[in-house]
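Engineer: If you read the sequences in order, they're chains A, B, C and D. Number 16 in the numbering used here belongs to position 16 of the first sequence; there are no gaps in the numbering. Number 186 in the numbering used here belongs to position 186 of the second sequence; there are no gaps in the numbering. Number 90 in the numbering used here belongs to position 90 of the third sequence; there are no gaps in the numbering. Number 87 in the numbering used here belongs to position 87 of the fourth sequence; there are no gaps in the numbering.
Treat the hints loosely; a few may be bogus.
Here are the simulated DMTMM-like pairs of lysine to aspartate or glutamate, each with C-alpha atoms no more than 25 angstroms apart in a straight line [said to hold, decoys possible]:
1. D/K141 <-> B/D197
2. B/K320 <-> C/D129
3. B/K158 <-> B/D197
4. C/K140 <-> B/D159
5. D/K394 <-> D/E284
6. D/K171 <-> D/D349
7. C/K133 <-> C/D113
8. C/K128 <-> C/E90
9. C/K86 <-> B/D197
10. C/K128 <-> B/D197
11. A/K112 <-> D/D257
12. A/K127 <-> D/D257
13. B/K158 <-> D/D349
14. D/K37 <-> B/D159
15. C/K86 <-> A/D159
16. A/K112 <-> D/D64
17. B/K112 <-> A/D170
18. B/K9 <-> C/E110
19. B/K158 <-> D/D257
20. D/K356 <-> D/E378
21. D/K203 <-> B/D197
22. D/K208 <-> B/D135
23. A/K127 <-> D/D349
FRET-style restraints, in silico, Cβ to Cβ [unchecked claim]:
24. A/K87 <-> B/W87: 39 to 49 angstroms
25. A/P180 <-> C/Q211: 38 to 48 angstroms
26. B/L176 <-> C/D19: 53 to 63 angstroms
Calculated directly from the structure, the hints in this document are not laboratory data. We put the beta carbon where it would ideally sit given N, CA and C, even for glycine.
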Amino acid sequence: MLLQLIVSGLLLGGIYALLSLGLSLIFGVSKFTNFAHGDFVMVGMYMAFVSYGMFTLTPYFSWPLVMLGGVGFALLLYLVARSTIEKSGLNQILVTLGLSMVLQNTVLLFFKSDYKSIPATFGSSIKLGTVFISTEMLIAFVIAVVITGGFFFFIKYTDTGRALRAVSDDRAASKLMGLPVNLLDPIAFCLGIVLACLAGALLMTVYPTTPTIGSGYNLIAWVTVVLGGLGYLQGALFSALLIGICETVSGFYLGADLRQAVYYVLFILVLVFRPQGLFAGLGMKKVKR
Amino acid sequence: MRSFLSHKKSDYFICAAVMLLLSLGLLSSNKYTLDILITTVYFCTIASAWNIMCGYTGQLSLGHGAFLGLAQYTSTLLYTKMDISPWLGMLAGGLTAMLLALLVGVLALRLKGPFFALATIALTTILEIFAVKFDGITGGSVGITIPYNPSLGNMIFKDYQPTYFLFLCLLALVLLTTIYISRSRLGSNLVAIRENDLTAASLGINVFRNQLYALMISSFFTGVVGTLYAQYVLFIDPAGSFSVIVSEKAALISIIGGAGTVFGPLIGGILLAPTEIFLRTWLGSTYQGAYLIVYGVVLIFVILTIPNGIAGTVSAYIRKCNCKTEQASGDD
Amino acid sequence: MLSVQNVTKRFGGLAAVKDVSFEVETGSIVGLIGPNGSGKTTLFNVISGVYPLTGGTVTFDGRDISSMESSRVANLGLVRTFQIVKPFNELSVLDNVVAGAFQRCRNRDEAEDKAMVAMKMLDLAQYKDTLAKNLTLAAKKRLEIARILSTDPKMIMLDEVMGGLNPQETEQLVETVHRLHELGITMLIIEHKMKCIMELSSKVIVLNNGQLIAMGTPQAVVKDPEVIKAYLGADYNVESY
Amino acid sequence: MKKLSWFLILMLASVTVLSGCSSSTPANTAKPAEVIKIGVIQPRSGPLAVSGEDSYWGTKIAIDMVNEAGGIKGKKIEAVVADVPNAGAAQNEVNRLIQNEKVKVITGIYGSAMAEVAAGICNRNEVLYWEHISVTDRLTKQGYKSVFRMHINGSLFGEQAAQIAESYAKKIGLDPTKATVAVVSENGDFGKSIAAGVDAYTKKAGTKIVLNELYDSKTTDTSPIVLKLKASNADIVIATSYINDGIDITKKSKVLDYSPKIFLGIGSGYGLAAYGKSLEKDAEGMIDLDPTSTPVLKNLDPNMAKAVEEFQKRFKAARGYDSPTVGYLAWQATWVLLNNVIATAGGTDNLAAMIKAAKELDIKVGSLPTGAGVKFDESGQNTRAVISAMQWQKGKLVTIYPDYLANAQGIMIPLPAWNKR
């Protein structure tokens, strides 16, 4: 049973990783606090839904459209929030809270509040020993892993990626070194939001969506980022998996109505007693701020 | 500029004038009008209480719902289970909220910016989950209906005027406290902390302790006004009491009105609370959620263009005028 | 008044201040010089409690303040300015100074009076209602001093208050420091402008690479070969006026 | 500061004027006795808006139909609609409807918090409150005089659900006293009141409950719940869910290869069109307990059948899909309210007459599209509200229980393993 729980949790965590990586990147590079991150996941879900409705494209095929839309929304966020970058973090929170309200309710206006879902493409599962693995979740997980891998490759081995890491490491110094920080900000925003939207598209294969679904994902993303250590991209990855497992295991052993409480308590404890994150100092290379 | 530090006694005059004007509402007996006024004053009060902590020290709390809810549950349970008058329950509610604030403060006040905000959101959610879980005490997600037994001792009234009067008294109390704090050492310290905590500490200001005081005062008033509201609506449930939305609204109102000013939350509340009701009535039934879009856009607009809010901008304008006349006479 | 004994501060493996000891006698003005990165500001931060120290002890006015928080250190009467000015930007000049004055008074009128005294001493009275962010750099530096002055300090530590000022402004500020000294305030001053240090201080301490390399009268110190080597070894940046 | 104070005073004055205006205008426009005003409250924004909107259309279509048939005694019905997404809004809007719009009857609402607040205010102001969806027991247990609920309450719902479970258990040869039952419910008031009802009934019947689990309906991944069900190895599962979690529980059941002998879903989680749409053939054979949303028209009185048919057409035109249960509940409640209560009382002006008309209602079970009848008990609870078992068959919901409502035979009882479906 435990093994089953861990496997289910890992699969879930894989998708969480996508949303938290994006958040972590934006926070690292632009020092921008995005409280509307979950709403971009929601937007991603709706984009996947619309592509299915209009062209019967499942999210496995509509991702280019979702990415394109994600870039659009990233630029919208960037335009709205640009003037608050490098300024008061408080204003960033408030602006994104405002944006979150606008996004949620605009979607509500156009799509109404019904649950939107698309039919499962496979809907079956694979049995490995005593463990069942959902095909949908597995595919989503594999895609998430591939995207995450691609993302890390990009961050590590391309010039833009290196520049992003440098800015994340020390923004002021990077500016002095002549890095085009003003150009890197929108790039980080685009990457981050596109990741969130893709996560949304993948989630769409598994869960239905409503306009208000983003708030939950927003908190999960933040919890993950904080547990992983701010700006530690690998940390975000590990803690996403951890949160996934924590959700299923505590849901089973403690009661399904308490599992959110479990990781929120964990979150507060980590914030207060180990603000550097759970994995800091475990030989992890930091892409820290 | 944020004119939180008021030096003038005129604040008391403005406060009195506002209260007098608001109390004109007591002449009405239309429950809808009174409900709008009550809702307005309720949000003014919550926003003012929120402002004491967040407007002053710049720590964004999105967890005032936790204080509000805890106080509401305290007073309601005392009343429905042990038959203790809400008048005492109100105080008890305020005090439990304050105790929670003490705990939260000790744990979370060293956090800054988004992390304090996140921790407070998480706290609110945890409390909501517990309120649902321990249904033996709290009645669970179904909530608690407060039986309608109008009497002064029960703080339940047939008409809305007495309730409105109580709300007005509370608002006045919070405003006076704010004015008092703004002239006191605490206020000066808090604003210094908001501007730069390192410098503040170097002057001898204990950052942590001052913020803790502010949080406790703020949560006390939040709790008290919450219990009064519970006695007005006669119903509480976890989703409504431990709501992040309430905190967000308090923040929104304060910031649009002018966070860190005495009258900002008041202006914000008077503008936004009735607007929300009217927008919901006009747009709500035809365009779902349209009023929230308006809200969001206004919030973004205010933050980007007049981050000091209405009161902050107006008083900066006044200051500018005064400065001009001064500069005309003086050198430099 | 202030006694620093074997103070060491490490950041990770790097020692920013190594085994530094000195005394500041009551009523004196002591200069603290050294090339950039020699650990002067770190030493200030350690003494004033911004950073916890790694080793050694600091005593002020007979009390051990080694592990005290900066606000308590300030409450004991030891306050400091910052190298990069940190005024409360959105507050008026008066409110800035009142924030300091309030540490010693209970009510606002009293605090304002106290603040006005400090502001007059530093020529800030006419900017009373100006927002701190709108002041010139020179006025901001004076504001920093006025603010700490209004806390009734026994000793103040000034971190490059003359830096970036023109000669005339510098001269005025030196004047002011003299006046403060006459009020009986002990001082520890970091300064790059050698002329000011020579003029003001009775004793000079020289740091290099976090270590104390020379201590003595200003005249003796500038002739010290160790000191000259240190300054020449680094960029020669002792401003000569 | 002086300017600031003027500014404040000006603003205040304008607000006073504004609220004054809003309270005075309706008084001018209200044309007495020409229309009958009815307050309609539903959550049309916020998290409950999905079903709130469906309910709203149910009510609206009923009112439209009555109006087109000439209204009541020649007077048209005017619906005064209010969006009530939370308890605070309920306080505000119900007061507006009563004070400014002068309505004497209010009907609603999906969401128990709002129902409780609304019912309290209506009762205090001597306004008839006609509840058609909310199931919390407490609503009719406060001694309210003018509050009626057409829909079943939570504990009766649970009881009937347990009864249905029992009858199916018998059908497949399980001894009710030996069969094991697992109850999982969303932890909102809906799930909790039903869980309590199931619990009470099974205790009486001697059935053993081996798992009684609550969960948060906002939960994204339900695999721990399904694993718990699997571990409990119960014969019968009664699950109360909203849509997201309902769909996911079914999906995860398939993924984890879990099929109990009998699975009874309760609530929108298993009955909404979205359920069938997103599960497609996996929905086949799943049972939803709710008042039926597939009425058998030939069993109804011909006039009623015609009206229901008309309603179905209009609802589909308005919303784009067949009416879910809440739509029928709202429609029939409003239909009865207008045709049987207000019409009998001769309008809405006399509360006592309306209460009397309501209390005297005696409509037999099976007369309304969901199979309900109407007979209120002392507290104002309809004792003839019934639930039925519906099953997904070939992508559509059909009613399989009770027999007088059934339009199809139950299939796949007991549930076969997933690979044999």
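Engineer: State for each hint whether it applies.
Structural biologist: Outcome of the hint check:
no. : hint                                  : result
1   : D/K141 <-> B/D197                     : 55 angstroms, violated
2   : B/K320 <-> C/D129                     : 10 angstroms, holds
3   : B/K158 <-> B/D197                     : 50 angstroms, violated
4   : C/K140 <-> B/D159                     : 58 angstroms, violated
5   : D/K394 <-> D/E284                     : 6 angstroms, holds
6   : D/K171 <-> D/D349                     : 52 angstroms, violated
7   : C/K133 <-> C/D113                     : 23 angstroms, holds
8   : C/K128 <-> C/E90                      : 13 angstroms, holds
9   : C/K86 <-> B/D197                      : 10 angstroms, holds
10  : C/K128 <-> B/D197                     : 22 angstroms, holds
11  : A/K112 <-> D/D257                     : 34 angstroms, violated
12  : A/K127 <-> D/D257                     : 9 angstroms, holds
13  : B/K158 <-> D/D349                     : 22 angstroms, holds
14  : D/K37 <-> B/D159                      : 24 angstroms, holds
15  : C/K86 <-> A/D159                      : 37 angstroms, violated
16  : A/K112 <-> D/D64                      : 23 angstroms, holds
17  : B/K112 <-> A/D170                     : 19 angstroms, holds
18  : B/K9 <-> C/E110                       : 15 angstroms, holds
19  : B/K158 <-> D/D257                     : 59 angstroms, violated
20  : D/K356 <-> D/E378                     : 12 angstroms, holds
21  : D/K203 <-> B/D197                     : 62 angstroms, violated
22  : D/K208 <-> B/D135                     : 23 angstroms, holds
23  : A/K127 <-> D/D349                     : 67 angstroms, violated
24  : A/K87 <-> B/W87: 39 to 49 angstroms   : 46 angstroms, holds
25  : A/P180 <-> C/Q211: 38 to 48 angstroms : 41 angstroms, holds
26  : B/L176 <-> C/D19: 53 to 63 angstroms  : 56 angstroms, holds
Hint compliance for this structure: hints 1, 3, 4, 6, 11, 15, 19, 21 and 23 are broken, all remaining hints hold.
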